[in-house]
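Protein sequences, first through last, are from chains Z and E.
For the first sequence, position 332 matches number 331 in numbering that gives the first Met the number 0, and the numbering has no gaps at all.
For the second sequence, position 166 matches number 165 in numbering that gives the first Met the number 0, and the numbering has no gaps at all.
Since the hints were derived computationally from the structure, they do not count as laboratory data.
Beta carbons: idealized from backbone N, C-alpha and C, even for Gly.
Do not rely on the hints blindly, as some may be mistaken.
Unchecked claim - Not close to chain E: a few residues of chain Z, all C-beta gaps over 12 Å, as computed:
{"no.": "1", "residue": "Ser82"}
{"no.": "2", "residue": "Asp111"}
{"no.": "3", "residue": "Glu114"}
{"no.": "4", "residue": "Gly217"}
{"no.": "5", "residue": "Tyr228"}
{"no.": "6", "residue": "Met240"}
{"no.": "7", "residue": "Gln328"}
Claimed, not checked - Below, computed lysine to aspartate or glutamate pairings styled on EDC-like, alpha-carbon distance capped at 20 Å:
{"no.": "8", "chain 1": "Z", "residue 1": "Lys196", "chain 2": "Z", "residue 2": "Asp212"}
{"no.": "9", "chain 1": "E", "residue 1": "Lys19", "chain 2": "Z", "residue 2": "Glu378"}
{"no.": "10", "chain 1": "E", "residue 1": "Lys46", "chain 2": "Z", "residue 2": "Glu378"}
{"no.": "11", "chain 1": "Z", "residue 1": "Lys154", "chain 2": "Z", "residue 2": "Asp125"}
{"no.": "12", "chain 1": "Z", "residue 1": "Lys12", "chain 2": "E", "residue 2": "Glu118"}
{"no.": "13", "chain 1": "E", "residue 1": "Lys77", "chain 2": "Z", "residue 2": "Glu378"}
{"no.": "14", "chain 1": "Z", "residue 1": "Lys200", "chain 2": "Z", "residue 2": "Asp125"}
{"no.": "15", "chain 1": "E", "residue 1": "Lys182", "chain 2": "E", "residue 2": "Glu135"}
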Amino acid sequence: MFKTLRFSFRIAKRSIGRRKFRSALTILGVIIGIAAIVSLMTLGYGMRYQIETTLNEMLGAGVIISSRDGSADIPEYVQEYVSQVPGVNASIPLIMTMVYINEQPTMIVGIDPIEVASLYHVTYEDGRGLEPEEDESIIFTSTTANNLEISVDDKITISSTGLGGIGQTFTVVGILHTVGAEQMNIGCFITLEAAQKLLGKEGYANTIMVRIDDPSQGEQIEAILENMYPTAYIAREEELMSEIGQIMDIIDGVLIGLGSISLAVGALGIMNTIMMSVHERRREIGMLKAVGAERRHILFIFLSEALLISFFGGILGCIFGLFGVYIAQWFIAMLGLNITIPLIISPYILGVALMAAVSVGIMAGLFPSWTAANIRPVEALRYE
Amino acid sequence: MSNPVELRNVVKTYDLGDIKINALRGVDLTVKKGESLSIMGPSGCGKTTLLNMIGGLDHPTEGQVIIDGIDITRMSEKKLARIRREKIGFIFQFFNLVPMLSALENIQLSMNFVGKFTESEIRDKALELLRLVGLEQRMYHRPTQMSGGEQQRVAIARALANEPSIILADEPTGNVDQRTGWKIVRLIQNLNKLKSV
Chain Z
0 MFKTLRFSFR IAKRSIGRRK FRSALTILGV IIGIAAIVSL MTLGYGMRYQ
50 IETTLNEMLG AGVIISSRDG SADIPEYVQE YVSQVPGVNA SIPLIMTMVY
100 INEQPTMIVG IDPIEVASLY HVTYEDGRGL EPEEDESIIF TSTTANNLEI
150 SVDDKITISS TGLGGIGQTF TVVGILHTVG AEQMNIGCFI TLEAAQKLLG
200 KEGYANTIMV RIDDPSQGEQ IEAILENMYP TAYIAREEEL MSEIGQIMDI
250 IDGVLIGLGS ISLAVGALGI MNTIMMSVHE RRREIGMLKA VGAERRHILF
300 IFLSEALLIS FFGGILGCIF GLFGVYIAQW FIAMLGLNIT IPLIISPYIL
350 GVALMAAVSV GIMAGLFPSW TAANIRPVEA LRYE
Chain E
0 MSNPVELRNV VKTYDLGDIK INALRGVDLT VKKGESLSIM GPSGCGKTTL
50 LNMIGGLDHP TEGQVIIDGI DITRMSEKKL ARIRREKIGF IFQFFNLVPM
100 LSALENIQLS MNFVGKFTES EIRDKALELL RLVGLEQRMY HRPTQMSGGE
150 QQRVAIARAL ANEPSIILAD EPTGNVDQRT GWKIVRLIQN LNKLKSV
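Working from the sequences, and respecting the hints, build out all of it.
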């Protein structure tokens, strides 16, 4: 059995070698399919990772209360009531919104600097942190600062539209040290009061982050808060995560679907190549049968050709797919979008892609190989 | 001791839609061990059909084909393949070597399908056969790098590989010049004595 397999592979290898150009084209078909799947899945994976870690970093909270439409309509004093709910460790009112800085959409968070210092351990790459009541200063995360080419002591204008125009001027006082993965740190921070002034909503916030002592109490506390503020959108971190996870699943599905179409085209290429190979080698098949090859021997010979093609295509496709992620990153950067999708090489994705290549190859090779195996020797030998 | 080949009233009819062609009309034939038999006749008289019947490549319409005392008339494809590789060696008019394999590998071919040999046994045996047909210096050459006569000698070596009890040669000299043809006939005759086929 083992011997037969080795023998089949040897013939298949030579057959591929003999028709170099055709084999190369077929392999290219598989490469394109697999590369598409690998790059799209890796991008999706990077996106998911980034969103989840960003959320984790930003929220770090058990429960998040936010206004339903994102506008700042939660009175600041609500926070005091929230803090009194048993099980709540701390609650921080903040304003989280998109603004334009240097005509780039940027996430801005208005938050009390003292609260931040009490909750997070923050270090600065350059400059210092915000002081309370320092309403004309701003700090940036290093990623955003790099993207916008901003450094300490720069004066920048924040406007709520992309058209520039009249905005408010802030002085950059600090650049946050990057914590963990670079992608977790996006946006910039000003004081809550400054953000309120920016939106013209003094005394209001659009989000209240609630830290709880015991994660298992989350559901209970969420219910209490829901009773207190039926008009607000209240979500536990886990819920939010799973919601985002669902959206990401849909995106993943679409991406995989797109990749599969190109893989299907690759499969047709394999099928065509093996069909041609069978057709060209009819006499050879007849001869092999005459010297005593059984159906399964012939089947193996052609299946192993399909297998080799799809295996090489799969491996090269993985490499090109990862390369494709680089190109996508470069493309995003070229469009000037302030988004960084990290390249995270996932062995799982590569494994799945390789498995997909090989199984699709075998499936595509099965029909022509079966045809070959069933060729009657007399007819094949008579065939010119 | 049963005879290597025994045909009983073998009929083969080719059905080509409207016309039925009777290629064989009741052939009775017995070949004894060590016997060598030439069948001659004009083109289309059924020589190839007869050999295909004996070689288990085709089923007769009527009658029985018995190889080494085994009735192969209604055998399954799988069993026929076994018979072919263990009892029969084929030599064809158009050499029919696998173009992707070297001379040596072509000879190893049918031994590969038999489970009982190890790789080194197969190699040794193939080398011995190549020496027998005088082509040991060509062992790594592909069929396209050899002359017709040389290819046919490789084909003969291959036919002998599994020590068959029957060698079937369908116009083995048909595609080489006369002198080479004679050499091949002589080679087959010598082998007949040597290997008692």
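Just to be careful, I want the Cα atoms of lysine 12 of chain Z and glutamate 118 of chain E compared with a cutoff of 20 Å; is the pair within it?
At roughly 19 Å apart (the allowed maximum being 20 Å), glutamate 118 of chain E and lysine 12 of chain Z satisfy the hint.
Lysine 154 of chain Z paired with aspartate 125 of chain Z [C-alpha distance capped at 20 Å]
holds, 16 Å
Straight-line alpha-carbon gap lysine 19 of chain E to glutamate 378 of chain Z, limit 20 Å
With a Cα-Cα distance of about 17 Å, the restraint between lysine 19 of chain E and glutamate 378 of chain Z holds, given a limit of 20 Å.
Is it true that the CA of lysine 46 of chain E sits at most 20 Å from the CA of glutamate 378 of chain Z?
holds, 16 Å
Using Cβ atoms and 12 Å as the threshold, tell me whether methionine 240 of chain Z really stays out of contact range of chain E.
holds, 57 Å
Checking a non-interface call: every C-beta of chain E should be farther than 12 Å from the C-beta of glutamate 114 of chain Z. Is that right?
Non-interface label on glutamate 114 of chain Z holds, nearest chain E Cβ at 75 Å vs cutoff 12 Å.
Hey, lysine 77 of chain E versus glutamate 378 of chain Z, does the alpha-carbon distance stay inside 20 Å?
At roughly 18 Å apart (the allowed maximum being 20 Å), glutamate 378 of chain Z and lysine 77 of chain E satisfy the hint.
Interface exclusion of glycine 217 of chain Z relative to chain E, criterion Cβ beyond 12 Å:
Label holds. Min Cβ-Cβ 65 Å, cutoff 12 Å.
Is the straight-line distance between the alpha-carbon of lysine 196 of chain Z and that of aspartate 212 of chain Z 20 Å or less?
violated, 33 Å
Does aspartate 111 of chain Z sit more than 12 Å from chain E, CB to CB?
Label holds. Min Cβ-Cβ 77 Å, cutoff 12 Å.
Check on glutamine 328 of chain Z being off the interface with chain E, judged by Cβ distance over 12 Å:
holds, 44 Å
With a cut-off of 20 Å on the C-alpha distance, tell me whether lysine 200 of chain Z and aspartate 125 of chain Z pass.
violated, 31 Å
In summary, the numbered hints that this structure violates are 8, 14.
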